[in-house]
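Colleague: Chain residues, written in single-letter form:
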Amino acid sequence: MSVALETLRNNKIHPKVFALVTACVSMTMLFAAFTSAYVVRQAAGNWLEFPLPTYFYISTGIIILSSVFLHGSYTSFKNGKEAMYKGLMVMSALLGIGFVICQVLGFYEMEAMGIELTGNPSGSFVYVIAAVHAAHVLAGIAVLTVAMMHAFLLPFKPTPARKLRFQQTIIYWHFVDILWVYLLFFFILQQT
Amino acid sequence: MAYVLEYDEDLLIKEQGFEDHFHEHHHGDKYQSSFINTYIFSMDHKMIAKQFLITGIFWAIIGAAMSIIFRLQLGFPEENLAWLQPLLGKWITVSEAGIGTLDPQFYYALVTMHGTILVFFVLTAGLSGTFSNLLIPLQLGARDMASPMLNMLSYWFFFMAGLVMFLSLFLSTGPFSGGWTGYPPLSALPQASSGSAAGMTMWIVSLVLFVVSVLLGGINYITTVLNLRTKGMTMWRMPLTIWAFFVTAILGLLSFPVLASAFFLMMCDRGLGTSFYLSEIFIGGAPLDNVGGSPILYQHLFWFLGHPEVYIIILPAMGLVSEVMSVHARKPIFGYKAMVFSILAIGFLSFIVWAHHMFMSGVNPFIANFFVIFTLIIAVPSAVKVFNWIATLYGGNIRFTSAMLFSIGFVSMFISGGLTGIFLGNSTIDIQMHDTYFVVAHFHIVMGIAAFFGMFAGIYHWYPKMFSRFMNETLGKIHFWGTMIGAYAIFWPMHYLGLAGVPRRYYKFDTFEAFAHFGEMNKFITVAAIIVFFLQILFVINFFYSIWNGKKMKTKNPWGATTLEWTTPIEGIHGNWPGKLPSVHRWAYDYGKDGIEFIPQYVPINENESEEH
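Residue numbers (the working numbering), protein chains in the order written: chain A, 1 to 192; chain B, 1 to 613.
Keep in mind that the hints are not guaranteed to be accurate.
[To be verified] Stretches of chain A that chain B covers, calculated by requiring three or more beta carbons in the stretch to come under 8 Å of a beta carbon on chain B: (1) 13-25; (2) 41-50; (3) 108-120.
[As the list claims (entries may be wrong)] Label pairs and their computed distance ranges (CB to CB): (4) B:G362 <-> A:E49: 21 to 27 Å; (5) B:G362 <-> A:V25: 28 to 34 Å; (6) A:E82 <-> B:F341: 51 to 57 Å; (7) B:D289 <-> A:A142: 34 to 40 Å; (8) A:L164 <-> B:P558: 54 to 60 Å.
Honestly, the hints are just simulated from the structure, not real lab data.
No residue lacks a Cβ here, since even glycine has one placed at the ideal position from N, Cα and C.
Could you build all of it, start to finish, from the sequences and the hints given here?
Modeller: This is the structure in structure tokens:
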């Protein structure tokens with residue numbers, strides 16, 4: 001526990017959670033910049049239209065499901081249901097890995113369509129934006145791995161400190177989930 | 001006649017203070033128990049502030065020395081520079097006659113590095129990194145930052161960014177040389193110039209590390225300001241320094257990720273063969289494969305950071321100046337709320353003016369109008385601030401300390417530089433002015449010199465808080481007057497050069513008939529720059545000498561200030577206050593109220609007081 005946090009009084013939101021939300025704002029700005037660049041470049045013409053790979057739709061379903069499972073795991077943790085907590089968390093992490101695999105398969109699908117990374121920027125943008133997003137999901141999987149180590153190595157005890165840690169984990173996981181849903185809608189809406 | 005209020009500060013904090021049970025825990029084992037965690041991997045915000053400051057000073061010396069070398073080239077293009085060969089090696093070519101000349105390629109590298117170093121490493125990290133870290137917890141009455149760990153990482157990411165940039169100076173192909181803005185295609189193609197090869201790769205890696213540092217710092221500053229204020233410290237009682245650092249952190253948090261995305265696309269273009277910024281380019285007669293990219297896209301992304309960045313630089317300076325000025329004029333800051341709202345307005349407007357850097361890039365003139373209008377509107381909050389500073393000085397009982405002199409100098413610089421901004425903000429006048437020395441003069445005065453003056457004011461004023469000793473005042477005054485006169489001597493003539501159309505970034509002008517007669521003026525500028533450089537060395541000597549040998553600080557509150565940082569023990573302890581945290585009962589600017597010279601923030605409101613803030 002850091003020093004400064006001990007001065008905490010009656011805050012509605014814990015400073016650590018607040019700091020994480022602030023970090024999510026800056027990550028949102030990163031993707032807002034990418035998608036704005038996409039819009040600006042698209043408006044300039046010479047833009048190749050192509051359908052999004054089907055794997056992207058499958059991956060969207062997977063990541064939403066993963067978020068739901070992790071939320072279930074958190075609720076079980078708070079209510080003292082140990083087996084549910086562990087099981088749902090593992091499922092959620094596996095689905096996270098499944099999401100990344102689907103994204104990679106989606107890249108192969110794009111390549112099979114003839115949309116290459118170095119071709120028209122319309123394709124390059126999809127590759128780069130999806131890849132940077134997948135990197136954020138990988139970071140999330142790392143966080144989930146730590147959470148699983150807590151779940152399986154430590155005795156089951158829903159202390160405030162562990163609740164807080166779990167809360168941070170789900171905030172980040174929901175964030176990358178919502179981010180992908182935004183990106184998918186963005187890609188669909190930009191197709192004319 | 002003002003009299004000094006008698007009170008027992010320790011007793012007041014004991015009676016009124018906030019008990020956070022800080023000292024019932026043991027921290028000694030984790031904090032400041034060895035040399036390494038006290039001075040190197042420190043998690044104490046006061047030590048991290050000093051680390052930022054001293055690293056900033058290191059970079060300022062390098063950046064300024066670079067400017068002296070290229071000023072020598074501009075002022076004395078025919079002069080023998082062979083004496084620089086031991087330092088610059090192969091970048092000085094010595095002819096058979098023994099005349100040494102600066103390599104033109106390296107001249108561009110010097111200009112580029114000067115800009116990058118000063119903008120990012122000195123005036124962003126060195127200025128807001130130092131004072132946000134030092135003052136946010138101390139002035140808010142917090143034990144430390146919200147996350148001391150992230151705070152430490154913020155410094156070490158900055159250090160790594162600096163290390164990568166420093167190593168790039170020694171590459172055989174030279175550091176990046178395409179201008180501090182790094183416009184493609186020059187920066188995106190390794191074959192475009194020797195500096196665009198490994199030099200550019202390291203430049204981009206360094207700046208990505210720097211972005212991480214700024215974001216980690218910013219997250220911490222925002223969280224601390226919103227969550228860790230002591231009892232009674234409402235937002236409207238915060239000193240203007242904190243308001244400035246807070247808005248600065250928000251600007252950084254929203255704009256630096258955009259720079260990261262610009263760099264990421266650039267890396268793809270450089271390394272993976274994509275065409276985000278490249279289109280139909282011929283190198284050595286052969287066409288490249290890249291088709292369909294837009295170099296203007298990079299400019300939009302870059303300046304979306306780039307413009308807020310200049311406010312990231314100037315807002316902390318404004319905050320420091322407001323605070324220092326009020327303390328040393330012994331008057332409340334004039335128009336506190338107007339000052340806060342103008343900081344917020346400047347922060348907001350900074351996001352919708354970026355294309356005024358791109359008037360000559362082929363932006364649609366109708367869109368340019370939009371940016372002209374918002375650019376000129378920034379003059380309104382800026383003028384409000386200038387008016388308030390002058391009104392604060394008016395009728396004040398001014399103490400002309402070095403800190404105060406630099407604050408007043410700041411206002412002078414900000415007015416001079418701000419006025420030329422109105423010229424440049426007009427897209428029509430910009431057709432003539434863009435890329436000339438007029439632009440160089442404008443931004444050096446308004447965000448270079450002015451930000452430095454704010455920083456110097458802050459250093460002279462808070463030096464006792466950092467090192468428990470004072471800097472030498474006589475040397476400080478020599479430093480001020482020399483720099484004040486010298487800075488104008490350097491940059492004032494550049495306005496004339498610019499109006500005459502002399503372009504910036506040129507290696508030499510003697511082959512241009514139109515500019516050849518400015519040779520003497522360039523000499524004058526160079527001589528002034530050299531003098532000012534040595535005055536800064538004087539400051540650095542004063543700074544380091546005073547750490548060990550300066551006049552000792554005997555009382556906790558030497559300036560008679562109202563803010564909380566002056567209630568902490570002289571030696572500066574971990575957790576900042578030995579017992580309870582002080583609680584706050586009033587705003588930070590109760591000077592000369594009811595005939596009392598100053599009333600610190602932790603003194604409860606007296607029932608006979610005239611008005612409350």
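Colleague: Which of the listed hints are not met by the structure?
Modeller: Going through the list in order, the structure violates hint 8 alone and respects the others.
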